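Colleague: Here's the letter readout for the chains.
2 protein chains.
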Amino acid sequence: MARVIVDVMPKPEILDPQGKAVTGALARLGFSGLSVRQGKRFEIEVDGEVTDERLGQISHAAETLLANTVIETFQVRVDS
Amino acid sequence: MARVIVDVMPKPEILDPQGKAVTGALARLGFSGLSVRQGKRFEIEVDGEVTDERLGQISHAAETLLANTVIETFQVRVDS
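Residue numbers (my numbering), protein chains in the order written: chain Z, 1 to 80; chain A, 101 to 180.
Do not take every clue at face value.
Unchecked claim - If you want the footprint, here are the derived chain A segments under chain Z, 3+ residues with CB under 8 Å:
#	region
1	130-139
2	147-158
3	162-173
These aren't lab readings, by the way, just hints derived from the structure by calculation. Keep in mind the model is a prediction, meaning the values are calculated, not measured. All C-beta atoms in this analysis are idealised placements derived from N, C-alpha and C, irrespective of residue type, glycine included.
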């Protein structure tokens with residue numbers, strides 16, 4: 001069983017209210033000098049080998065279902 | 101400016117309804133043989149150097165604010 005990781009993050013130019021809230025909460029708790037952006041992480045267990053074709057399918061799935069590419073970027077990688 | 105990544109995932113024994121929904125949606129779209137778990141990814145920009153002390157602070161922040169350690173595991177690493 002192989003595992004593929006898809007990371008989805010808000011684009012840099014897009015407002016990130018969740019990240020802003022976390023940044024503010026950290027500052028109030030005394031953790032200063034930190035700036036947080038919040039995104040999503042998907043761990044995908046794949047039946048069988050992760051071939052290039054399979055990875056292409058997963059990239060396509062990430063683009064169409066996991067990320068909203070208008071406001072988010074995504075990265076697909078095989079977990080080592 | 102250095103960057104630290106915190107990954108937060110539901111523990112394996114915990115139900116993950118979001119992941120289940122994504123798994124089902126992928127299957128309906130024709131992407132079969134995939135099992136998805138969904139978590140969160142935080143990208144933290146740190147002012148100045150990431151010293152061991154600073155990284156310890158961020159781990160503490162992750163444990164208290166970013167992850168609910170009853171149901172989630174977290175991983176802190178410096179982005180290379």
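Colleague: Taking the hints in turn, state whether each one holds.
Modeller: Here is how each hint holds up against the structure:
Given a C-beta distance limit of less than 8 Å, the hint that chain Z covers the region 130-139 of chain A holds, as 8 residues qualify and 3 suffice. For the region 147-158 of chain A, the stated coverage by chain Z holds: 4 residues have a C-beta nearer than 8 Å to a C-beta of that chain, and at least 3 were required. With 3 residues having a beta carbon nearer than 8 Å to a beta carbon of chain Z, the region 162-173 of chain A meets the requirement of three or more and the stated coverage holds.
In this structure, every one of the numbered hints holds.
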